[in-house]
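Asks: Here is how the chains run, residue by residue.
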Amino acid sequence: MRRVVPIGPYHPLQEEPEFFKLIVEGERVVDLEINIGYNHRGHEYISQTLTYDQVPFLVERICGICSDSHPYAYVLAVEDIARIEAPPRGQYIRTIIGELERIHSHYLWLGLAGHFIGYNTVWMWVWRYREPLLDLFELIMGNRNHYAINKVGGARRDIPKEFFP
Amino acid sequence: MKKEYSEEILQEIADKFSEIEVKIHAPRRLYLRTPREKVYDLAEFLFKQKRFRLSIATGIDTREGIEILYHFTHDESGTYYNIKTLIPKDDCQIRSLAVFCPAANWIEREMHELLGVDFTGHPNLIPLLTAENWPSDLHPLRRDYADEHTRLKLKKRM
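Residue numbers (the numbering used here), protein chains in the order written: chain A, 5 to 169; chain B, 24 to 181.
The shape of chain A in the complex, shown without the other chains (with noise of 0.2 angstroms):
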């Protein structure tokens, strides 16, 4: 017999909305119906509507926690187009926020994952080494989360001398 086993439209594990029908004979999901576009806020259209060196601001806002790819990924494409190449100083430095953000990413799953298995302690060890971090984007950028370091043709900001050990 086939029932029908709805989960959403918001999820109760990932926080975010979106909707699964399952439908299931007995133990076995044997249909899936998935609605996504609970969130769907248009960037496409609004980049339309900006300046080049507007959007990165805007990408940067479709991910929270990987608040880096995307505006990099925009300005590498944006740089490809205009046949523009970054001073090298500009390359290290993206190349840095881009590595640093990949490791608290990473961090941050991580406990994630340990939370939602009821294991709470990896969770709050893991998220303890994601902190130092997030200061250091702080202490680079003023920001901890949205870091704003992308500009088309090199890094907005830069990693003043006296923080290198």
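There are no misleading hints in this set.
Straight-line Cα separation of at most 30 angstroms, DSBU-like style, residue types lysine-lysine; simulated pairs:
#: 1; chain 1: B; residue 1: 73; chain 2: B; residue 2: 61
#: 2; chain 1: B; residue 1: 46; chain 2: A; residue 2: 155
#: 3; chain 1: B; residue 1: 112; chain 2: B; residue 2: 61
#: 4; chain 1: B; residue 1: 26; chain 2: B; residue 2: 61
#: 5; chain 1: B; residue 1: 112; chain 2: B; residue 2: 39
#: 6; chain 1: B; residue 1: 26; chain 2: A; residue 2: 155
#: 7; chain 1: A; residue 1: 155; chain 2: B; residue 2: 107
#: 8; chain 1: B; residue 1: 26; chain 2: B; residue 2: 71
#: 9; chain 1: B; residue 1: 39; chain 2: B; residue 2: 71
Please keep in mind that the hints were generated in silico from the structure rather than gathered at the bench.
A quick note: this is a predicted structure, and the numbers were derived from the prediction, not measured.
Keeping the supplied structure of chain A fixed, place chain B upon it in accordance with the hints.
Replies: Okay, now just chain B, sitting in the frame of chain A:
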């Protein structure tokens, strides 16, 4: 392996499909401008015989028509082969790639509702992102949508 496009694959494409215009943008990114009728065959050739991966497809509304890019990647050499095609607005349809390539399924549904491209042969061409009561002839990423939108809003107010 050198991270660069392969001359052999390009030669094979040129032998099989004479009408394709190849533009070498960078050593790791090629644009294959293809007429609409040949997109399906070329994509099938790249996907099935050359084991390419469909990374994503994108569409944009231009003056000449709707332009669709299928970004195929060759993972061994880390190169992009972009199939670029132009669809006239008065006959807005193209053969669906979702028949043999499951990765094309959702993005074609998205382009169908946001740009109004009709993908013939698609197994399940229902809206993906828009609400259930969204009018099916209103395409938000078309350039004329803004006018349409204001007109609708005015209509509601009246």
